[in-house]
Structure formats: C-alpha cells, structure tokens
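So the chains spell out like this:
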Amino acid sequence: MSEDTGIDVYRRRFLGNTAKAAAGLAVVTPAVFLHEVGQARPADQPVTSQVRWGMLIDSGKCADGCDDCVTACKTENGWTGHNRPLSDPQWIRKVKLRDKETGYTQTLPMLCQHCEYPPCVDVCPTGASFKRADGIVLVDKHICIGCRYCMMACPYKARSFVHEDIHDQKPYAPRGKGTVESCTFCVQRVDSNRTPACVEACTAHNHGAMVFGDMNDPDSEISRQLEQYSSRQIRGDLQLNTGVRYRGI
Amino acid sequence: MPRKLLSFLLMICAAGLALQARAGDSILPYIPEAQARFSATQGCMRPTEDMRKNHMKYLLHKRDLTMHEGIRTTLFSLKQCIDCHVSSAPDAPRFPSEKHFCNSCHTYAAVDIDCFECHADRPLKDAQGNFVISGNETQPATAAANAAREDTGDMRALATEDDAHE
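Line order of the protein sequences matches chains W and H.
Read in order, the letters of the first sequence correspond to residues 1 to 249 in the numbering used here.
Read in order, the letters of the second sequence correspond to residues 250 to 415 in the numbering used here.
For the record, the hints were derived by calculation from the structure and aren't laboratory data.
Backbone N, C-alpha and C fix where the C-beta goes; we use that ideal spot for every residue, glycine too.
There's no promise every hint is true.
Heads up, incomplete: computed chain W residues facing chain H, CB under 10 Å, no partners named [to be verified]: (1) R41; (2) A43; (3) S87; (4) F130; (5) A133; (6) K170; (7) A173; (8) G176; (9) G178; (10) Q188; (11) M215; (12) D217.
What follows is a set of in silico ranges between Cβ atoms, one per label pair, in the way DEER data are often shown [to be verified]: (13) R301/H x R232/W: 52 to 58 Å; (14) Q45/W x D340/H: 51 to 57 Å; (15) A153/W x P389/H: 52 to 58 Å; (16) Q225/W x I280/H: 52 to 58 Å; (17) H205/W x E347/H: 42 to 48 Å; (18) V95/W x N385/H: 25 to 31 Å; (19) D340/H x G81/W: 35 to 41 Å; (20) G248/W x A289/H: 55 to 61 Å.
For reference, chain H alone in the conformation it holds in the complex (with noise of 0.2 Å):
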C-alpha cells in the first residue's frame, strides 16, 4: 500500500513539474508584431538574430554619424526601427508598457533604456497614415520603406562599427 502511494505521490510530482514547465514558455516575452517588412523575403534589415545581439551597436553608432556627421539615412536609424515595428494607433502600447516593441525584450532582459526620455517612442503619422517628416512635411508609408530599401548599399555603418566608442 505504502508503495502505491508513493506512486501516486511521484506521478503527482511529474505533473506539477510538466506543468511548471508550460507555465516557464509563457514568461518569455511576447514580442509585438511588426507593422510594415524590410522587403518581402526579409524582415528586418539585418537578420533577426543579428539585430536581437546586435542593434544596439548599429544604433550607438548611427547615432554618432547622425548627431555629429549629418548623416539621416534609414539604416539603422532608431526612427526608422520605431516607424516600422511601432503602430501609431493612440491605443498602441506606449514606452513604458511591457507590450511596447523595445520594452517587450528589454522588461525580460532586466535591461533599462533612456532612449524615449528624448526620443518619441511611437510613429507620427497625419490623418492620412502618411509619416510627418517636419512640421507640415509629410511622406507616404512606401516611400519610406523604399527608402530604407535602397540603405542596403549603405555598409559604411557597418564597416566602420568597430569605430564606434563604446
């Protein structure tokens, strides 16, 4: 009898572990769709592991040639990452929020960004979904994906990354 129980007991055990074992699955982010493709047999610029490892070097050092150089192509350009992978739905999750598209990984990662202290943290788009590019100035949803498009001959960025300081 004692044996029976004991049985019982360990069968018990293996299905809280099983489980405990689904329930881990659902604590890794869930990572919020993109809105618009890089191209149709690419996602995103580079490969996705290269950019979940990655993008925070590509972005350092665009950031520089930005700031310092001038340099507004979209290639790794942190506006054109949040044109593409953020919706400007008003009802779209904002920075601080878990379903945000960067802090989606960065909560799971534990890792705290100041980025959109500065930064709009969301697309911004005129009543016809078109991107406002300055004041009055407006550019249609494709002409931007075009544009990052023809960045790909653009491999300064990454010839020189290891330039970048760190």
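Bound conformation, chain W alone (with noise of 0.2 Å):
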C-alpha cells in the first residue's frame, strides 16, 4: 500500500510510531504493570490511550437472517424505529454482500468502526464529535448542533440523526431530538469492564462471531486472534485504522 494518499496521513504515522517508539523505550520494564492499570482501571480515573478497544468479527460464523446483535444494542441502547427505513436510527445494521460472478454471499454487522484517525471528528465544526484516549469515537451530544457534518464524512453509513421526539431513555444510554448518534462500544458497559451488548449477545446465542478487547494488549484474545488469523479493514485504502476487523471478507 502507498503513502501516496497524502502528507497528513504519512506525517501522522510517522509522528505516531516515533511517539509509540518512545513510549516503548520508556516502559520496557513496567510493561506488565502498564497492562494491569488499563484492565482495572479505578472508577475515578480518565480512559488512557494506553487501551484501544476493538472488535473482530467473524462474517464466516455470521448467519444469514440473525440478528441477534442488532436486537441487543437497541434493548441496551433504547433506539427503535419508525418504519421510516431512511431516516430511523440505526448504530448497528446487518449487510449482505454478494459476489457478483460466483454468487456467493456472505453477511456481517456493521457499525461504528471506531477509527483511529475518525473523518466525522475531522469534519466536526463544534468538537462534539470527538474520540476518547482509549479509541472509542462518540457524539457530546450536549454540543452537538445537528448539521450533520459527520454523518456524511463517513465512509461506513454509521451514523444517524434523531428526527423525532424521545421518551423513556436508558438512563445509561442518553439520546435525544436533534442530534447525531452512533454506536458507542456500549462504552456505559466498557466502563465497568464489560463488553458491548452485541459482542455478549453473539456469544451467548453461541455464535462466537464477535470479539472485543483490548488490542494494544497483546495478551488479549483479539490480540490473539488478530495475529494468528488473517483479517481486514474495510475501506482500508482510506487508511483511517479502524478499530472493528472483519475476518473472512
């Protein structure tokens, strides 16, 4: 793959693997120590970017017509629809994808990819949209305005406005007229080291299709997985570093 694509992009890594170079220096000894604090990390201290939360999916062990996953981020997240399919919300939705000579077709989730280098906080003109230190991109949806900026910069259609009034919210999972809203990592549940409601929801029905963890932890299962398995970014040539990887696509 080529740098061509532009300096900011080359100047980013470059300036990222320098940092992380040094940082590796730095901790060589305490590294099991670091490790430690980002798993356990106590309820008053912030995120740090020595976490950054991923996700695997399998689209192999995907089934064509489950929907497991979907039904549990909107029963944890509250978000419904209207029967108006262009404009209700949707964090998470189930795409098929066939090929056009064989006729092989396959299924995944799709989502917020939680970028590493996000094109809707790039284009965000309030700040709202924004990516916490451990990688999970989210909307401060007390300052979001509702132009809907983000929702067209990215490539992943992974965002939605809420058009209509809402009642009866989660009280953990706050959403309201007028502004935009994705996926979160159920970041509610990855603060007490848990994991998104999807990811559970998958494993529970013994699907095993989803994984979440740490990836900058090379002990973690998707670490593991990561390494030992072959797996892609979608849209990679964009090169905004997801932080959801699909295998078998």
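Need the complex rebuilt from these two chains, each delivered in its own frame; the hints are there to steer you.
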C-alpha cells in the first residue's frame, strides 16, 4: 500500500510511530504493570491511550438472517425505528455481500468502526464528535448542533440523526432529538469492564462471531486472534485504521 | 361616623393584606421529598444551600468528566440525582410537570432546562426495585447508596471546578 494519499496521513503515521517507539523504550520494564492499570481502571481515573478498544468480527460465523446483535443493541441502548427506513436510527445493521461473478453471499454486522483517524471528528464544527483516549469515537450530544456533517463524512454510513422526540430513554444511554448518534461500543458497559451488548449476545447465543477487547494488550483474545488469522479493515484504502476488523471477507 | 367607617375600611384592608401574605407563601415551590438520603446525618452530597446555588456547576463539570474521560463515579452525576430524588413509580410526576423534583424549582425560578430531552427523568428499576444499570444487569438500591457514600472522598470534581468551561 503506497503512501500517496497525502502527506497528512504519512506525517501522522510517522509521529505516531515515533511516539510509540519512545513509549516502548520508556516502559520496557513496567509493561506488565501498565497493562494491569489499563485493564482495571479505577472508577475515578480518566481513560488512557494505553488501551485501544477493538472488535473482530468473523463473517464466516455470521449467519444470514440472524440479527441477535442488532436486537441486543436496541435493547441496551433503547433505539427503535418508526418504520421509516430512510431516517430511522441505526447503530448497527446487518449487511449482505454478494459476489456478482460466483453468487457467493455472506453477511456481517456494520457499525461505527471507531477509526483511529475518524473523518467524523475531522469535519465536526463544534467538537461534539470526538475520540476518547481509549479509541472509542463518540458524539457529545451536549454540544452537537445536529448539522450532520459527520454523517456525510463517515464512509461506513454508521451514524444516524434523531428526528423524533424521544421519551423513556435508558438512564445509562441518553439520546435525544436534534443530535447525531452512533454505536458507542456500549461505553457505559466498557467503563465497568464488560463487553458491548452485541458481542455479549453473539457469544450468549453460541455464534461466537464477535470478539471485543484491548488491541494494545498482546495477551488479549482479540490480539491473539488478530495475530493468528487474516483480517481486514473495510475500506482499508482510506487508512483510517479502524477499530473494527473483519475475518473472512 | 365617617371616622368609624374609615377605621372599618382600614381593618378590611389590613385583613386583606394578611390574606395576601398567606397566599404568597403558597407560591413558593413544593419540592418533593427525596426517595433516599445520602447518609443518616446528611440529606444530599453537599449541604442543601450549596446544592441549591451550585448544582449546575457540579453537574456541568461532572458531565464533561464522564463524557470525555469516562469517569462514571456517582458524585454529582445527573443519574445519581435522579436515582435519589425522583420516584420510579408509574404514576409519579414526569419531567414537564411542576411536581417533578427538578422542575418544581425551575418552574418557580423560570429556568428552562433541556436535560431531559435526552436524559431519563426517572430511575429505571426492575420488578424487585433494583436499579437497572445496563440492558439486563441490575444493582440493589442499597449498593447504589453505598457507592454514593464512598464517593465522598472524590473531591477532584470540586478541586478542579474552576477549570470547567462555562
């Protein structure tokens, strides 16, 4: 893959690698200790970039017609449609891929890819769209003005705009009219050392198609699988370094 | 005779003023009793006078800590305010009502808040009365109260209060 897409990305990569190398040198000895801090963050301490949350989805295990992950997300975060497919909120959706030549079809869940270089954050005029230190991309609805630039910038069509008044929201997942929203990796669960609702449901129903974890931790299940199996980032050509990776596509 | 009439009229006026003063008392907001106390000696996380004056600063600061840094302690979290102060009963007053805890004062002070366009205006509890903290996970009411008490050590929110952007 060539670096001809612009000096900006190259520069970021370079600076990022330099920083990583420096960090690596500085923490050679206490690496295990740092890892422990990342795993069991005290409730009153801020998130850090020692952790990068990621998800690995095996489309080979993702059955056509199964939407357990979508249902779990709806239940957890309380979003629902009004039977208006063009404007209904959609934090996670099932996508079907079909090879035109062979007719081979496969399905996969599509959600916010939690990019390292998120285009939605680049275009946000108010700073509402932001990336947390641990890699989770969120909308701060307190300062979102509903301009929807981020929805246009997102290559994955991952964001939705809330068109309707909303009542009876979940206390742990606030959402309201006039703001943009998307998958949060179930940040309220991640902050209390649990996995996102979609991953939990996929595992609970014995599909095992989704793995969630810290990609910076070499001992995590997701890091082991990423090392062991071939995986891809969707639209990897955009060099956004997504946090959601796919196997078997 | 006219003097007697005048004093009679004065008496009526005085009585009217007294009545008016009594009626004036009733326009003060009726603030619903909280569902839970912070501790045996303390009603809220901070003294009532402080909360009445500064709750918005505490909430704004905690809001940014939670949203951007993932600090989900209960001290000054809006969710914790609601969990203690608002009833989850189906017939309990909902937000736009003047009988909802937050709106009881805000109506009186003519302050329009939009917190509850996104946030839940009452606690979410399961059939057993436990707080629902996620899709299928619950926390006993006592645990929530204990967690709030443990948070008294967390004065970070107060120490950096001035840093909070307005």
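Tested hints:
1. Satisfaction of the interface hint for R41/W is found here, the shortest Cβ-Cβ separation to chain H being roughly 8 Å, below the 10 Å cut-off.
2. The beta carbon of A43/W comes within 5 Å of a beta carbon in chain H, closer than 10 Å, and the hint placing it at the interface holds.
3. Checking S87/W against chain H by beta carbon gives a least distance of about 18 Å; that is not within 10 Å, so the hint is violated.
4. Taken as an interface hint, F130/W checks out: its beta carbon lies about 7 Å from the nearest beta carbon of chain H, inside 10 Å.
5. Satisfaction of the interface hint for A133/W is found here, the shortest Cβ-Cβ separation to chain H being roughly 8 Å, below the 10 Å cut-off.
6. The closest approach between the C-beta of K170/W and any C-beta of chain H is roughly 7 Å, which is under the 10 Å cut-off, so the hint is satisfied.
7. The restraint placing A173/W at the interface with chain H holds, with a minimum CB-CB distance near 9 Å, inside the 10 Å limit.
8. The criterion of a C-beta within 10 Å of any C-beta in chain H is met by G176/W, whose closest approach is roughly 3 Å, and the hint holds.
9. Because the beta carbon of G178/W sits about 8 Å from the nearest beta carbon in chain H, less than 10 Å, this interface hint is met.
10. Taken as an interface hint, Q188/W checks out: its beta carbon lies about 7 Å from the nearest beta carbon of chain H, inside 10 Å.
11. Among the interface hints, the one on M215/W is violated; its C-beta lies about 17 Å from the nearest C-beta in chain H, farther than the 10 Å criterion.
12. Taking 10 Å as the C-beta contact cut-off toward chain H, the hint placing D217/W at the interface is violated, the least distance being around 17 Å.
13. For the pair R301/H and R232/W, the supplied restraint of 52 to 58 Å holds, since their beta-carbon distance comes to about 56 Å.
14. In this structure, Q45/W and D340/H break the distance hint of 51 to 57 Å, their C-beta atoms being roughly 41 Å apart.
15. With their beta carbons about 44 Å apart, A153/W and P389/H fall outside the hinted range of 52 to 58 Å.
16. The given range of 52 to 58 Å is respected by Q225/W and I280/H, whose C-beta atoms sit roughly 55 Å from each other.
17. For H205/W paired with E347/H, a C-beta distance near 47 Å keeps the hint of 42 to 48 Å intact.
18. Judged by the Cβ atoms, the range 25 to 31 Å given for V95/W and N385/H holds: they are separated by roughly 27 Å.
19. In this structure the supplied range 35 to 41 Å is violated for D340/H paired with G81/W, their Cβ-Cβ distance being about 29 Å.
20. Checked against the hint of 55 to 61 Å, the C-beta distance between G248/W and A289/H comes to roughly 59 Å, which is consistent with it.
In terms of the numbered hints stated before, the structure departs from hints 3, 11, 12, 14, 15, 19, listed from lowest to highest.
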